[in-house]
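Chemist: This is what each chain is made of:
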Amino acid sequence: MNEDPLLQIRDLSVSYPGAHGRFTALCELNLEVSAGECLGLVGESGSGKTALLLAILGLLPAQSSVRGSIRYRGGELLGLEAARLNAIRGARIAMVFQEPMSALNPYMRVIDQLSEVPHVHGGMSRRKARQRALEMLEAVHIGEPERRARQYPHELSGGMRQRVMIAMALIGEPDIVLADEPTTALDVTVQAQILSLLQEMRERTGAALVLVTHDLGVVAQLADRIGVMRGGRIVEQAECTQLFSQPQHPYTQALLSAMPRLEYPL
Amino acid sequence: MPGSTPEYVLNSALWQRLRCHRGAMIAAGVLLLLALSSLIVPALSPYDYYTPQLDLISQPPTLRGGHLLGTDPLGRDLLIRVLWGCRISLLIGLAASCISIVVGVLWGAIAGYAGGTTDALMMRMVDVLYSVPFVPFVIVLTVLFGRELWLMFVAIGAVSWLDIARIVRGEALSLKRREFIEAARVSGVRAARMIRRHIVPNLLGVVIIYATLTIPTVILFEAFMSFLGLGVRVPLASLGSLIADGASDMQAHPHLLLVPATVLATIVYCFNFIGDGLRDALDPHDRHDRHEQA
Numbered sequence: 000m001n002e003d004p005l006l007q008i009r010d011l012s013v014s015y016p017g018a019h020g021r022f023t024a025l026c027e028l029n030l031e032v033s034a035g036e037c038l039g040l041v042g043e044s045g046s047g048k049t050a051l052l053l054a055i056l057g058l059l060p061a062q063s064s065v066r067g068s069i070r071y072r073g074g075e076l077l078g079l080e081a082a083r084l085n086a087i088r089g090a091r092i093a094m095v096f097q098e099p100m101s102a103l104n105p106y107m108r109v110i111d112q113l114s115e116v117p118h119v120h121g122g123m124s125r126r127k128a129r130q131r132a133l134e135m136l137e138a139v140h141i142g143e144p145e146r147r148a149r150q151y152p153h154e155l156s157g158g159m160r161q162r163v164m165i166a167m168a169l170i171g172e173p174d175i176v177l178a179d180e181p182t183t184a185l186d187v188t189v190q191a192q193i194l195s196l197l198q199e200m201r202e203r204t205g206a207a208l209v210l211v212t213h214d215l216g217v218v219a220q221l222a223d224r225i226g227v228m229r230g231g232r233i234v235e236q237a238e239c240t241q242l243f244s245q246p247q248h249p250y251t252q253a254l255l256s257a258m259p260r261l262e263y264p265l
Numbered sequence: 000m001p002g003s004t005p006e007y008v009l010n011s012a013l014w015q016r017l018r019c020h021r022g023a024m025i026a027a028g029v030l031l032l033l034a035l036s037s038l039i040v041p042a043l044s045p046y047d048y049y050t051p052q053l054d055l056i057s058q059p060p061t062l063r064g065g066h067l068l069g070t071d072p073l074g075r076d077l078l079i080r081v082l083w084g085c086r087i088s089l090l091i092g093l094a095a096s097c098i099s100i101v102v103g104v105l106w107g108a109i110a111g112y113a114g115g116t117t118d119a120l121m122m123r124m125v126d127v128l129y130s131v132p133f134v135p136f137v138i139v140l141t142v143l144f145g146r147e148l149w150l151m152f153v154a155i156g157a158v159s160w161l162d163i164a165r166i167v168r169g170e171a172l173s174l175k176r177r178e179f180i181e182a183a184r185v186s187g188v189r190a191a192r193m194i195r196r197h198i199v200p201n202l203l204g205v206v207i208i209y210a211t212l213t214i215p216t217v218i219l220f221e222a223f224m225s226f227l228g229l230g231v232r233v234p235l236a237s238l239g240s241l242i243a244d245g246a247s248d249m250q251a252h253p254h255l256l257l258v259p260a261t262v263l264a265t266i267v268y269c270f271n272f273i274g275d276g277l278r279d280a281l282d283p284h285d286r287h288d289r290h291e292q293a
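Protein sequence lines correspond, in order, to chains F and C. At the far end of the first sequence sits residue 265, using numbering that gives the first Met the number 0, and the numbering has no gaps. At the far end of the second sequence sits residue 293, using numbering that gives the first Met the number 0, and the numbering has no gaps.
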């Protein structure tokens, strides 16, 4: 590629002080995300998937030490001052959280929460921001958006909350959406709906999607490219079909063989 | 349901649960009655709280002659003086509590959300203020500024915000780690808006309970100050100064002590009951089932 990739991560290392000396969450990790693609990141718990997303958005706890570089459109994100970082968060890079109940403010109506993003970023008037929020609710296929908008998060079902989360992530028209296990907290039928919604929104907005999950089935449906993480590194990166048909790294092979398949008796 | 936390309650459900708490509703009714009559009755009564009637000193309570609760040693109507005392005590209780809640919530929320050095500095200041002895502090203030009503608001408010600041700071610290706060940060919400829109509303449950418990404490503080002669300026009376006057004459005329003391105890008791009801209503896991069955 002749131009800069959308997001370029070079030699990123993150460690926290832990009970037994320093705990290394990420170790010299390299990763690129180009515009419009869907990158799946899979790996077991503790492999550093979430730490990577938090590092991109500058949300790591203050006592963690971070080395390396994270560049968005060629500009360094690490060590960026709060005001400039806030201008990128939400507007350029957005995030969908795993647990939609705890990621929505229980005391804010859906509409207030959604319209906060365009209000804070675009300097949009409250009225216009609300109009935009209603459009977004409609875009993520929430029935009766007018009524739902006036409700509080606890009045919505899990799948609907996750739709609201997705609407919230996309309302600022970001280039990159980071999704941290967006379907783990949902039941299977709702999972499928949310995945197809993510796919649809990606096609519609052209945003790149970084999908973090431990569910290989989820990435197989959506991702163009898959990175397999283990122990804070990406051990294998490949096109989706290639990774499933010819896994190179022994860990990837182990991961794939650990998936239950219908054709074999358990 | 996962994550079905008790924090969804600041809406009509809270009111419904509170209505099930009979004690709190009665307490609220009694308080409302006292507050209203302290506003209305003195305006309708032929007597006032300051004109001495030297031919009618220290009358016992009677149904004849118009002085229902008798008169004090200067011949002033006790009922009117007690109602004025109620008015002053409630006013000080509410105003000083408001000051302490606003200051305490802001201070604690900012310290807790900012964290780090800011937090340490702000909370050390609270620790220092905690160690200031309250009574000498108020005495110095009254010496400097005279016995003014607003001084009581400031003096009591200045001391009682410390507890709230500590409690709120602790809550803010744990709120800060919650996902929806991170989600808001990820959306690029700045610190001031974050505290105003996300932190403070989620603290309100704790604050409301604490407020209803602060008001009676403040009223008792004021009574104590007035008892020491540091409160309102004569001839105006607060419940504390009426109790002080009554105590000096209690062998001969016990009703001068008993009436204001009973009213003060009732007010404090009612606020405690309301606080109790609110706590139950805000915490659906705890006790409210029992009240619903009762």
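Please note that the accuracy of each hint is not assured.
Below, a list of computed lysine to any residue pairs in the SDA-like style, where the Cα atoms sit at most 20 Å apart [unchecked claim]:
#1 C:Lys175 <-> F:Lys127
#2 C:Lys175 <-> F:Gly57
#3 C:Lys175 <-> F:Arg146
#4 C:Lys175 <-> C:Arg189
#5 C:Lys175 <-> F:Pro105
#6 F:Lys127 <-> F:Arg146
Far from chain C, some chain F residues (derived; all Cβ distances over 12 Å) [as the list claims (entries may be wrong)]:
#7 Asp10
#8 Gly20
#9 Phe22
#10 Ala86
#11 Arg88
#12 Phe96
#13 Gln97
#14 Asn104
#15 Asp111
#16 Gln112
#17 Leu113
#18 Glu115
#19 Gly171
#20 Asp179
Just so you know, these hints were derived from the structure itself, not from any lab. C-beta atoms are modelled at their ideal positions from N, C-alpha and C, and glycine is treated no differently.
Chemist: Next, verify each hint and record whether it holds.
Modeler: Status of each hint after checking the structure:
1. C:Lys175 <-> F:Lys127: Since the Cα atoms of C:Lys175 and F:Lys127 sit roughly 30 Å apart, the hinted pair is violated (cutoff 20 Å).
2. C:Lys175 <-> F:Gly57: At roughly 15 Å apart (the allowed maximum being 20 Å), F:Gly57 and C:Lys175 satisfy the hint.
3. C:Lys175 <-> F:Arg146: violated (30 Å)
4. C:Lys175 <-> C:Arg189: holds (14 Å)
5. C:Lys175 <-> F:Pro105: holds (14 Å)
6. F:Lys127 <-> F:Arg146: holds (18 Å)
7. Asp10: holds (24 Å)
8. Gly20: holds (23 Å)
9. Phe22: holds (18 Å)
10. Ala86: Per Cβ check, F:Ala86 is inside 12 Å of chain C; nearest 7 Å; violated.
11. Arg88: The assertion about F:Arg88 is violated, with a minimum of 4 Å to chain C.
12. Phe96: violated (5 Å)
13. Gln97: It is violated; F:Gln97 is separated from chain C by about 8 Å at its closest Cβ, not greater than 12 Å.
14. Asn104: Its Cβ does come within 12 Å of chain C, the nearest being 5 Å, so this is violated.
15. Asp111: Label violated. Min Cβ-Cβ 8 Å, cutoff 12 Å.
16. Gln112: The claim is violated: F:Gln112 sits with its nearest Cβ about 8 Å from chain C, within 12 Å.
17. Leu113: At roughly 10 Å from the nearest Cβ of chain C, F:Leu113 sits no farther out than 12 Å, so the non-interface label is violated.
18. Glu115: violated (6 Å)
19. Gly171: Nearest chain C Cβ is 7 Å from F:Gly171, so the label is violated.
20. Asp179: With a cut-off of 12 Å, F:Asp179 comes too close to chain C, as the shortest Cβ separation is near 10 Å.
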